[in-house]
Each structure stands twice: as C-alpha cells, then as structure tokens.
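*Asks:* Based on the sequences and whatever the hints tell you, model everything.
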Amino acid sequence: MKITVVGAGAVGASCAEYIAIKDFASEVVLLDIKEGFAEGKAMDLMQTASLNSFDTKITGTTGDYSKTANSDIAVITSGIPRKPGMTREELIGINAGIVKSVAENLLKHSPDTILIVVSNPMDTMTYLVHKITDLPKNRIIGMGGALDSARFKYRLAEALEAPISDVDGMVVGAHSDTGMIPLAKHATRNSVKVSEFLSGERLQQVVEDTKVGGATLTKLLGTSAWYAPGAAVSALVQAIACDLKKMFPCSVMLDGEYGLKDICLGVPVILGKNGIERVVNIELDESENAKMQESAGAVRNVNALLDN
Numbered sequence: 102m103k104i105t106v107v108g109a110g111a112v113g114a115s116c117a118e119y120i121a122i123k124d125f126a127s128e129v130v131l132l133d134i135k136e137g138f139a140e141g142k143a144m145d146l147m148q149t150a151s152l153n154s155f156d157t158k159i160t161g162t163t164g165d166y167s168k169t170a171n172s173d174i175a176v177i178t179s180g181i182p183r184k185p186g187m188t189r190e191e192l193i194g195i196n197a198g199i200v201k202s203v204a205e206n207l208l209k210h211s212p213d214t215i216l217i218v219v220s221n222p223m224d225t226m227t228y229l230v231h232k233i234t235d236l237p238k239n240r241i242i243g244m245g246g247a248l249d250s251a252r253f254k255y256r257l258a259e260a261l262e263a264p265i266s267d268v269d270g271m272v273v274g275a276h277s278d279t280g281m282i283p284l285a286k287h288a289t290r291n292s293v294k295v296s297e298f299l300s301g302e303r304l305q306q307v308v309e310d311t312k313v314g315g316a317t318l319t320k321l322l323g324t325s326a327w328y329a330p331g332a333a334v335s336a337l338v339q340a341i342a343c344d345l346k347k348m349f350p351c352s353v354m355l356d357g358e359y360g361l362k363d364i365c366l367g368v369p370v371i372l373g374k375n376g377i378e379r380v381v382n383i384e385l386d387e388s389e390n391a392k393m394q395e396s397a398g399a400v401r402n403v404n405a406l407l408d409n
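In short: position in the sequence shown from 1, add 101, done, that's this note's numbering.
In short, the hints are calculated from the structure, not lab data.
Please note: incorrect hints may appear among the correct ones.
The calculated PhoX-like cross-link candidates involving lysine-lysine, where the alpha carbons are at most 25 Å apart (straight line), are [said to hold, decoys possible]:
no., residue 1, residue 2
1, Lys158, Lys232
2, Lys209, Lys347
3, Lys238, Lys346
4, Lys201, Lys135
5, Lys232, Lys294
6, Lys238, Lys362
7, Lys168, Lys201
8, Lys232, Lys362
9, Lys158, Lys135
10, Lys103, Lys362
11, Lys103, Lys201
12, Lys320, Lys103
13, Lys201, Lys232
14, Lys238, Lys135
15, Lys201, Lys347
16, Lys392, Lys362
17, Lys168, Lys158
Listed next, with one range per pair, are the computed distances between beta-carbon atoms [said to hold, decoys possible]:
no., residue 1, residue 2, range
18, Thr163, Asp408, 31 to 39 Å
19, Pro212, Leu321, 22 to 30 Å
20, Ile122, Asn390, 17 to 25 Å
21, Gly357, Glu262, 19 to 27 Å
22, Glu309, Glu262, 30 to 38 Å
23, Lys346, Lys320, 35 to 43 Å
24, Asn402, Glu259, 41 to 49 Å
25, Glu384, Phe298, 22 to 30 Å
26, Gly301, Ala170, 24 to 32 Å
27, Ile122, Ile265, 38 to 46 Å
28, Phe298, Asp213, 40 to 48 Å
29, Pro212, Leu322, 21 to 29 Å
Here a beta-carbon is modelled for each residue, glycine too, at the ideal position from N, C-alpha and C.
*Replies:* Below you can see the structure in the form of structure tokens.
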C-alpha cells in the first residue's frame, strides 16, 4: 500500500508520521515545492523508525510527481495555513489554484488513487476536485468532519470529567466556524445520552467551544493546528487502506442525501477499500435540519467564488 502526502508542512508531516507509526502502509511519499524540505522531513521521520518500531518506508521529493506513481491513496494538504483572525474562506484565492494543480498532477501518475482533501476552505476545495476531475464521487473525500468530531469528543470529555474513551459524538455540516453542527442530542457516554449528565447550558457551551476549535488553536499557536488534523487524516487513510468499514463524518459530494445536491458537506460515511462505501443517512430533527440547510447555503456562497 503506497500513500502520498502532498505538502510536507506541519499537517502533512504529522499525517505521514501517524501513518508510518501505525505500520499498515509499505511506503509513504512526502512531496513539497520547497527545495529539500520534504526530503529532510522524510529523513528525520525515518530516523525514528527503529525507536517507534515501524517498517514503513518514508521518502521525500521536491515537486517530482513521478515519485508518487501508483499511489493507492493521496492526501492533499497543500496551501497556505490560517493566521490568527483569518477565516478558512479567506484562503480560497490562493489555495484553489494550488489544489487544482496538485490534483491534476497526482492523477497523471496515479489515475486509480483515492484523494483525501485537507486544504482549506475544505468543503469548497473538495468540491473543486470533483469539478476538475472525472473521478467517481466515492474516491474524493474531504477530511473536516473527522477532525471536528475529535474536537467535539475532547470538549465533551472535558465537560463530563470522563475518559475520552467513554465518549462518542459527531459533527456534521461544513468545516467552518459557523457551519459545523455538533450533534449534541446524539452524543453519548457509554451509550447514555450526555444530556443525562450535563445541563443544557453546559452542553451548549461544549457545542460553541467545538465550533471555534480551529480558531482557538490558531490564536494560541499563531498558525493552524497540526497534530489533530494529521491524526484525523491518518485514521481515514487507515480505514481505507485496511478496508475497515469504519464510519466517519467526511465532506462528500451529495446527490439527494439530506435533501442536498451538487455540494460537498460533512455527513457520516462508511470508509473501506473503495473509499466511500456508502453515505449514512441519520435522522435530523427540525432544528438540526435547518442548520444543515443553512450550512449548505454558506458553502454554496464560497463555492461561487471559484468562478473568479
């Protein structure tokens, strides 16, 4: 199993590290446009192999897409990261051109690959990849919901003062500060609804903290986060590579599901060897459905900027 990660920055390098440590891939290729950067990151990571007990081969290349040939899965992390005060949507002008070029170059050398999009604004970048390629929709996946759900579970465990392994929860909708929808009514602690443990006010605070999870970290770090995004990507890659049939919320092209068409938005899907094995329809209440439609409207407004 060969995995390519385009962009050897903090997110890309973390993604490569987590994939290698899990030891399910034979090779991970890191590609970057900065001279020697991917090669250096790959060498540094390979020098942890004996310490972390993995046999995955990690190689780096500066802009040579031929080195990515026959990749089973390719991850696109390329683009400029967020700075404090910057929205994901403000990145579209630069990142759209980068993502378009990366996707086209990847497919020249790996026409059968499954693409995972991380670059922001993620839902719009996933939509862009659909529009510029002829790939079936099961082979283009946006990462956002998996990360947002991990942040939701972190905030739930914090509020519950519980081990995070006790907690389950999901975030759907757009991967944006205003568009994500933490499904608080569906969240559980060992199958018991968290509303049995938390007041409505405290649960709403968890929801709000989740929605600004990325912005909170950007303010603290001065740039986008990388550990959790890298871990989220590696979980999706492993689910596909190992045909785990695991369920994650991901940004996918909708064709009538949730009453939406021609838009990429975060919904639960089953991931396996074919990428998206199926979209899971969950019943949303009136409030949740209204938020989903509102989220979709905001994403469509950003998508419209692609015409420029």
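*Asks:* Run the structure past the numbered hints and jot down the numbers of the failing ones, going up.
*Replies:* 1, 2, 5, 10, 12, 14, 15, 19, 20, 21, 22, 24, 26, 27, 29
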